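Undergrad: Could you put together the complete structure from these sequences and hints?
Each step along the sequence shown adds one to the number in this note's numbering, with nothing skipped, and position 62 is 62.
Check the hints yourself; a few may be wrong.
In silico EDC-like cross-links for lysine to aspartate or glutamate, where the CA-CA straight-line distance does not exceed 16 angstroms [as the list claims (entries may be wrong)]:
| id | residue 1 | residue 2 |
| --- | --- | --- |
| 1 | Lys155 | Asp121 |
| 2 | Lys335 | Glu409 |
| 3 | Lys189 | Asp138 |
| 4 | Lys26 | Glu10 |
| 5 | Lys264 | Glu395 |
| 6 | Lys155 | Glu180 |
| 7 | Lys170 | Glu180 |
| 8 | Lys170 | Asp209 |
| 9 | Lys170 | Asp138 |
| 10 | Lys177 | Glu140 |
| 11 | Lys189 | Glu143 |
Across the chosen pairs, the derived CB separations fall in these ranges [what the hints assert, rightly or not]:
| id | residue 1 | residue 2 | range |
| --- | --- | --- | --- |
| 12 | Asp169 | Gln12 | 30 to 40 angstroms |
| 13 | Lys335 | Gln4 | 28 to 38 angstroms |
| 14 | Ser27 | Ile124 | 33 to 43 angstroms |
| 15 | Lys195 | Leu144 | 20 to 30 angstroms |
| 16 | Gln46 | Glu180 | 37 to 47 angstroms |
| 17 | Gln12 | Gly81 | 29 to 39 angstroms |
| 18 | Phe401 | Asp121 | 42 to 52 angstroms |
| 19 | Gln4 | Glu50 | 15 to 25 angstroms |
| 20 | Leu259 | Lys212 | 33 to 43 angstroms |
| 21 | Gln420 | Thr95 | 53 to 63 angstroms |
| 22 | Glu50 | Lys155 | 10 to 20 angstroms |
| 23 | Glu180 | Gln13 | 20 to 30 angstroms |
| 24 | Gln4 | Asp256 | 48 to 58 angstroms |
Read the hints as simulated data drawn from the structure, not as lab findings. None of these values were measured; they are calculated from a predicted model. Using N, Cα and C, we set each Cβ at its ideal position, and we do this for glycine too.
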Amino acid sequence: MDNQQEFRQEIQQIREELKVALKEIKSKIGNNLSSQEMGEVENEFQQLDELLERLETGLVWLCFFGKTSVGKSAIANSLIGEDLAKVGIQHDLTTEPAYYEKRPWMLVDVPGILGKEVNKDVAIEEAEKAHGHIFVLDGEPLELELELFNLVHNKMPTTPKIVFVNQWDKMQSRPKKDRETVRERIEQKMGKFIKSPDDIVYGSAQIYDPDKDDMVRQEIPKLLDKLYEDAGALGEVVNILDPASRADDITQGIRDRILTIRKKIARRVINVFGIASAAVGLVPFDQLVVTPGVLTSMVLVITLIMGRNANFMNIEGQSSNNVTKAGKMAIELLKACGEVLFWEFVAVFAGGLALDVVGTIFGPLGMGLTALADLAALGWYRYNRTAILGEVTIEYVSNGFSWGADGAEAVIKRCKERAQEHYVRLQSKK
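TA: Structure (structure tokens):
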């Protein structure tokens, strides 16, 4: 079994664990929540499951749609940074999709419009696989182009879409008023496919070099920016897998922006695992540090989200299995948290604690914690323990699988404060 197959199996195992946890939650607190509240709990779990499904392949999957000779393959080359895709008129006559993989990119050049016919079946089949769709133009869209874009959009209306107007360098020799007219017509005809006019990007994937007497590949940073800035599912996958290696960029602002997005996604994951941990049953601390169970899955997912491959964890005597590595790390982090926080962290009994309404940024999902009835106090301790461990994992992984210069105690205390800030909070009844 290769590493990618092993990784897929691990992600599938985590998805199954979350499904079991959701069933436990429904069984224990389902009767204490309204249908709307239970629906929102299910939605949180569903969103995490969809994210894990998108990450299973380890690829950012984009499809390019447009007429022949519009430059789809040239755009693929520009994003990859290599001339992998064939370009030219002869290539554009193909009726089969062309796949260009350079991990984590998977770019698909979908056959264009041949004559007066749109390759409908092929277009839909490829559109359904993709994290995002790039609609490619070289000017004001014509009827057959709009037919293709409408076909894809109507079948997959929620998949993020970006319009890329290629060969824009040719327009620079035209009067400004002509360029503005073309822009207005493009915005008018393509507006229904995108969230805002800002999702229309203008550029050139290649330009003619008279010295070489050939077309030369160009960088298209504005298109990359748009992929990274997407606020939905596409942006999540792009920022986690980071196909352009922007997390290694020398510009601090770019690195910080990617880190902020990754932390936001990781905290949503921690919240779901916290609720799962609270609901699936009492696990004493001494048992946790032997078999951390669902917490292992959380640590592995956070490691993936923070852009750190678990295969690089340098833990002596550990097997190459990512789940085993994550379990080892979870145990070490749990022990460290227990040593620093002691009863605040390891307690599983909250004798006489009267709980008031939960303050949370997560809405009904957080409110579901109080619906654990007589287990509410115990449930909160397990939830809080998971939240602290999650925050500790974020910082530990971000520091290159170390405590950094501050040391374990400072990091753990700081993460405890963050857990109070970002997750469910309790207060005693007056």
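Undergrad: What's the verdict on Lys170 and Glu180, does the C-alpha distance respect the 16 angstroms limit or exceed it?
TA: Holds, at roughly 14 angstroms.
Undergrad: Would the hint linking Lys264 and Glu395 be met if the CA-CA limit is 16 angstroms?
TA: holds, 13 angstroms
Undergrad: Next pair to validate is Lys177 with Glu140; report whether the Cα-Cα distance is within 16 angstroms.
TA: The hint holds at about 15 angstroms.
Undergrad: When you take the CB atoms of Glu50 and Lys155, is the distance between them in 10 to 20 angstroms?
TA: holds, 18 angstroms
Undergrad: Is it true that Phe401 and Asp121 lie within 42 to 52 angstroms of each other by Cβ?
TA: holds, 47 angstroms
Undergrad: Between Lys189 and Asp138, is the straight-line Cα distance small enough, at 16 angstroms or below?
TA: OK: Lys189 and Asp138 at ~14 angstroms, within 16 angstroms.
Undergrad: Indicate whether the distance between the beta carbons of Gln12 and Gly81 respects the range 29 to 39 angstroms.
TA: holds, 31 angstroms
Undergrad: Hey, Lys155 versus Asp121, does the alpha-carbon distance stay inside 16 angstroms?
TA: holds, 11 angstroms
Undergrad: Just to be sure I understand the hint, the distance between the Cβ atoms of Gln420 and Thr95 should be within 53 to 63 angstroms; is that true here?
TA: holds, 59 angstroms
Undergrad: Does Lys26 pair with Glu10 here, judged by a C-alpha cut-off of 16 angstroms?
TA: It is violated: about 25 angstroms lies between the C-alpha atoms, which goes past 16 angstroms.
Undergrad: So does Ser27 sit 33 to 43 angstroms from Ile124, Cβ to Cβ?
TA: Since the Cβ atoms of Ser27 and Ile124 sit about 39 angstroms apart, the hinted range of 33 to 43 angstroms holds.
Undergrad: Within 20 to 30 angstroms or not, the Cβ separation of Glu180 and Gln13?
TA: violated, 55 angstroms
In summary, the structure is inconsistent with hints 4, 6, 12, 23 and 24 from the numbered list given earlier, while agreeing with the others.
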